[in-house]
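Taking the hints into account, I'd like the entire structure generated from these sequences.
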Amino acid sequence: MAPRTNDGEPERERPASLPAATAPVTETASGEAPEAAPGEAAETADASDTEGSRAAGPAGETGETPESAAAADTDADADADRVAAVRRVGAAGRRWRSVQLGACAAMLAVGLTAGAIALGAVRDGGATPVAAAAALSPGLLAGADLSTGIASLQAHLRDQPRDFGGWATLGLAYVEQARTQGDPSRYPQAEQALERSVALRPDNDQALAGRAALAAARHEFGAALAHADRALKQNPYNERALCSRIDALVELGRYEEASAAARTADERRPGVPVFTRYAYVHELRGDVTTARRVLDQALAASTTPGDIAYVATQLGQLAWNQGAYDTALTHYARALAADENYLPALEGRARAQAASGRRAEAIQGLENVVARFPLPGPLVELGELYEARGGEGDAAKAEAQYRLVDAWTALARANGVNADLDTALAAADHGDKAAALRAARAEWDRRRTVHTADALAWALHVNGKDDEALPYARQATATGYGNAALLYHRGVIERAAGHPDDARTHLTAALKLNPGFSVLGAREARTALKTLEAAK
95 MAPRTNDGEP ERERPASLPA ATAPVTETAS GEAPEAAPGE AAETADASDT
145 EGSRAAGPAG ETGETPESAA AADTDADADA DRVAAVRRVG AAGRRWRSVQ
195 LGACAAMLAV GLTAGAIALG AVRDGGATPV AAAAALSPGL LAGADLSTGI
245 ASLQAHLRDQ PRDFGGWATL GLAYVEQART QGDPSRYPQA EQALERSVAL
295 RPDNDQALAG RAALAAARHE FGAALAHADR ALKQNPYNER ALCSRIDALV
345 ELGRYEEASA AARTADERRP GVPVFTRYAY VHELRGDVTT ARRVLDQALA
395 ASTTPGDIAY VATQLGQLAW NQGAYDTALT HYARALAADE NYLPALEGRA
445 RAQAASGRRA EAIQGLENVV ARFPLPGPLV ELGELYEARG GEGDAAKAEA
495 QYRLVDAWTA LARANGVNAD LDTALAAADH GDKAAALRAA RAEWDRRRTV
545 HTADALAWAL HVNGKDDEAL PYARQATATG YGNAALLYHR GVIERAAGHP
595 DDARTHLTAA LKLNPGFSVL GAREARTALK TLEAAK
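Each residue of the sequence shown is one higher than the one before, starting from 95 at the first, in this note's numbering.
Read the hints as simulated data drawn from the structure, not as lab findings.
Keep in mind it's a predicted model, so treat the numbers as computed, not measured.
C-beta: ideal position from N, C-alpha, C; glycine also.
Don't take every hint at face value.
Claimed, not checked - Computed beta-carbon distance windows for the label pairs:
1) Arg-532 x Ala-494: 19 to 27 Å
2) Gln-248 x Asp-561: 49 to 57 Å
3) Thr-602 x Ala-354: 32 to 40 Å
4) Glu-618 x Gln-458: 20 to 28 Å
5) Gln-248 x Glu-618: 43 to 51 Å
6) Lys-624 x Gly-316: 41 to 49 Å
7) Asp-561 x Arg-532: 18 to 26 Å
8) Thr-358 x Ala-490: 50 to 58 Å
9) Ala-528 x Arg-466: 29 to 37 Å
10) Asp-595 x Lys-559: 15 to 23 Å
11) Glu-618 x Glu-486: 20 to 28 Å
12) Lys-606 x Asp-561: 22 to 30 Å
13) Arg-252 x Ala-489: 46 to 54 Å
14) Ala-320 x Gln-458: 38 to 46 Å
As the list claims (entries may be wrong) - Simulated crosslink set (PhoX-like; lysine-lysine; CA at most 25 Å straight-line):
15) Lys-559 x Lys-527
16) Lys-624 x Lys-606
17) Lys-527 x Lys-491
18) Lys-606 x Lys-630
19) Lys-624 x Lys-559
Have a look at this one:
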């Protein structure tokens, strides 16, 4: 699975009543998380709390019976009930937020005039931060009103073409639109808008931070880091630049530096964007408890539908990674109650449904997702669900999804996106294996992350180079990151390289952690384990 990043998330005002992040994210000397600070949001149930609620056997192994169909109907009703319950509980708050969002679209055009310069901009020759208007409403960037916000900005800039802050914000909005809607053609437009901003004011930190976000979205993480550092020289409190710096360091595999950057960002601009990144850095290091607690705090601090949907989805993903599917579905229901069209939550819910054996619902959900935004992740997931179903015409349907991945990759590259990791991950299992290896090697030369190590290991394996693959598979799991797909790949490679005991260990660990991590991969892991046990 590709890493979760926050490319393109909007800069925003620091919430006045936001609790400090330092207490919940500080670890004790022993590495254990401290007790919750007074006033901190209560934790959600962790993976161990829901472990017993999952079916003991492999999910979805047999064909659907009338009884299972009835159960699926019950499960679908349960999902609907989850969403409805959250909506009832939060109805009053959402009504207030909807009024707020409606005002945002109208005020967006005047929020970035020459008098509203960067958030926390530093006075010339001094060190005192100056508060100014928010760069862009987070609700507009994260929700269905993004197109409205862009149209408002475009109209404003026709009247005020020298508003460098407006051009920077428009660039960021295009980045977000490209990222969330699977439309890489927006990246050149983002680049043009940001260049216009820099031309008007070369040292403005908004545009420099926008360039960092654009570079990260294009997977040019070295450039993203350089742009973020330049922005922070102009304004050490620029939230967008602080967050892009964390993202770049994570995606370059420089995890210790990313952790330090997250602490710095937490000190300077504690809030939802920083909390979510802090959580991911801890998750990559195997500290799920701290990651969950920080996300809980981020959710408690969220006030807009866009923020609620975003953070609840991150919590759903964290729960799904730990095999806690009921918990994941509850979080996705919270996200969809805030924004019923939020794409990552729709995809995550389908993934959790598939892992729970509810494949018909998962297929329907993913079909709806890819019909709107054909991104590589859901395309591959849908193709594999077709393969697993194995009905008439399903093989052709699966192949069509994989071809769409190739089409998206070509479009992304045409618009300046480095798509080597996407190519390596998809092509290794469902395409040109030699091309997968070339792409994985190229990506490894650019950045050394757990995900690129895994992609290279797997590409080497499918090309019959298991001895060469094994060190990369070990490196992919070295940080303690709890990811069943990485453990599965390592176990398969160890088996092929002649290390059966290690293979049993890691295949067992993958299925124990997340028994439904992949509809095809989990099935192959169980088959490999049976073969290994029989050979003992």
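Checked hints:
no.	hint	result
1	Arg-532 x Ala-494: 19 to 27 Å	24 Å, holds
2	Gln-248 x Asp-561: 49 to 57 Å	56 Å, holds
3	Thr-602 x Ala-354: 32 to 40 Å	35 Å, holds
4	Glu-618 x Gln-458: 20 to 28 Å	25 Å, holds
5	Gln-248 x Glu-618: 43 to 51 Å	50 Å, holds
6	Lys-624 x Gly-316: 41 to 49 Å	45 Å, holds
7	Asp-561 x Arg-532: 18 to 26 Å	19 Å, holds
8	Thr-358 x Ala-490: 50 to 58 Å	52 Å, holds
9	Ala-528 x Arg-466: 29 to 37 Å	33 Å, holds
10	Asp-595 x Lys-559: 15 to 23 Å	22 Å, holds
11	Glu-618 x Glu-486: 20 to 28 Å	24 Å, holds
12	Lys-606 x Asp-561: 22 to 30 Å	27 Å, holds
13	Arg-252 x Ala-489: 46 to 54 Å	51 Å, holds
14	Ala-320 x Gln-458: 38 to 46 Å	44 Å, holds
15	Lys-559 x Lys-527	12 Å, holds
16	Lys-624 x Lys-606	15 Å, holds
17	Lys-527 x Lys-491	21 Å, holds
18	Lys-606 x Lys-630	21 Å, holds
19	Lys-624 x Lys-559	24 Å, holds
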